[in-house]
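Novice: The listed protein sequences derive, respectively, from chains H and E.
No gaps in the numbering here: position 201 of the first sequence is 200 in numbering that gives the first Met the number 0, and each next residue is one more.
No gaps in the numbering here: position 13 of the second sequence is 12 in numbering that gives the first Met the number 0, and each next residue is one more.
Because the hints were derived from the structure by calculation, they are not lab data.
For every residue, glycine included, the Cβ atom is placed at its ideal position computed from N, Cα and C.
Hints may contain errors.
To be verified - Looking from chain H toward chain E, a few residues come up when the C-beta cut is under 10 Å (computed): (1) Gly140; (2) Leu150; (3) Leu153; (4) Val252; (5) Ala314.
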Amino acid sequence: MKYVDEFRDGELAQRLAHEIEAVVEPGREVKIMEVCGGHTHAIYKHGVEHLVPREVDFVHGPGCPVCVIPMGRVDDAIALAERSGVTFTTFGDMMRVPGGRGSLLEAKARGADVRMVYSPLDALELARRNPEREVVFFAIGFETTAPATALTLLRARAEGVRNFSAFCNHVTIGPPLRTILDSPGLKLDAFIAPGHVSTVIGTRPYEFIVDEYGKPVVVTAFEPLDILQAVVMLLRQLREERCEVENQYTRVVRRDGNPRALAALEETMELRETFEWRGLGWIDHSALKLRPELADWDAEERFELPGDRVEDPKACQCGEVLIGAIKPWECRVFGTACTPERPIGTCMVSSEGACAAFYNYGRLARPHDTVPA
Amino acid sequence: MSLDRGHCITCSDEAVPATVVEVEGANATVEADGRRERVGIELVEPVEPGDVLLCHAGIALEKLP
């Protein structure tokens with residue numbers, strides 16, 4: 000398939016692996032954070048970590064929206080889903096995410112009308128077809144997904160569909176990166192920045208990482224060859240003592256992003272004062288809410304929500320995994336009490352979560368001394 | 000139906016290249032891996048059959064060269 004097959008070519012991968020070996024400084028460990036869950040998934044699925052020398056260590060970042068959603072917001076979603084007359088729509092991966100009161104899937108089993116959708120536009124269609132129901136969409140995701148919610152809201156308003164609303168949990172990628180960079184004791188050398196978020200926001204929002212923290216950044220696509228090429232680019236920057244935001248994903252990413260997507264976001268959403276991130280705590284201006292002009296389509300305005308804060312389970316170390324402080328297999332419940340079938344923490348729920356990705360693809364290939372039996 | 004190939008669709012960074020088959024107003028039918036889906040095209044208009052779009056959560060985010 001075009002745009003896929005050519006980025007999975009084994010021979011080219013070997014060539015890039017040799018290039019990495021040539022540019023890496025022997026004995027100097029380089030910690031590269033791949034910000035996005037999509038990269039984490041690709042690294043484990045395609046065994047990219049085995050193609051790079053020992054000196055290169057991938058640290059998995061916070062870019063999995065399912066993984067960073069706090070349990071209290073899941074409980075709010077369940078409360079909405081259990082309201083009489085509400086049809087609650089969600090992307091599939093949110094169905095199993097445990098809140099303090101169980102998951103949406105369990106709420107569905109108890110009789111709540113919870114439906115899985117692939118797009119907010121599907122939720123809007125459901126609202127059009129069922130005017131007697133209140134259709135609520137669980138809006139979650141970074142700047143890649145937020146434009147889909149924005150376009151859906153604009154269509155709902157233009158068509159006057161009044162029985163549709165969004166429970167907005169969209170988050171932004173810049174502020175959590177700053178929080179991670181400010182974490183005491185964190186040792187990161189460089190960043191692989193998310194490709195598709197950057198189709199929307201461009202490469203400009205990462206420039207503070209270079210200017211203020213002196214860490215190289217490469218905006219990167221998601222096929223294994225893309226990731227290997229990004230590693231070469233980052234190692235070259237480090238070796239040549241350059242520090243820049245480079246763009247590996249030039250086939251779709253521009254410095255200023257997609258102006259129409261940004262305009263749709265601007266028209267429908269604004270920054271929240273603060274928002275809670277699982278594992279990272281409260282981060283100012285890190286999430287989006289609907290603008291007051293769209294209050295009629297804002298589930299938080301239209302329905303009363305519990306809004307309770309729920310502590311993460313004590314055994315769960317998702318927070319430490321999310322800032323790269325520990326590897327998934329170093330969590331005390333990884334692969335024993337916490338598995339993709341029965342997740343305790345969110346990193347095990349989503350296939351892009353670092354724990355689930357490692358559980359599914361990486362655990363059998365690790366040296367025995369680093370993996371619990 | 001989704002174009003998503005076994006990935007978490009919630010993940011903001013999963014998007015799939017798909018080829019436009021037909022354009023109908025603000026939507027297009029696109030095809031990837033033999034599967035078809037309708038996507039909103041407001042962010043990438045104008046598009047025509049044969050264009051390759053980067054699709055995510057039911058909308059096209061970008062046009063591929």
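Novice: Hints first: check each against the structure and report whether it holds.
Specialist: Right, here's what the structure says about each hint:
1. Residue-level restraint check for Gly140 of chain H holds (minimum Cβ-Cβ distance to chain E is 4 Å; threshold 10 Å).
2. With 10 Å as the threshold, the beta carbon of Leu150 of chain H comes within range of chain E, its nearest partner Cβ sitting at about 5 Å, so the hint holds.
3. Given hint, Leu153 of chain H at the interface with chain E, holds; its Cβ is 8 Å from that chain's nearest Cβ, closer than 10 Å.
4. Against a cut-off of 10 Å between C-beta atoms, the interface hint on Val252 of chain H holds, since the closest Cβ of chain E lies about 8 Å away.
5. A least Cβ separation of about 23 Å between Ala314 of chain H and chain E goes past the 10 Å threshold, and the interface hint is therefore violated.
Violated hint: 5 only; the structure is consistent with all others.
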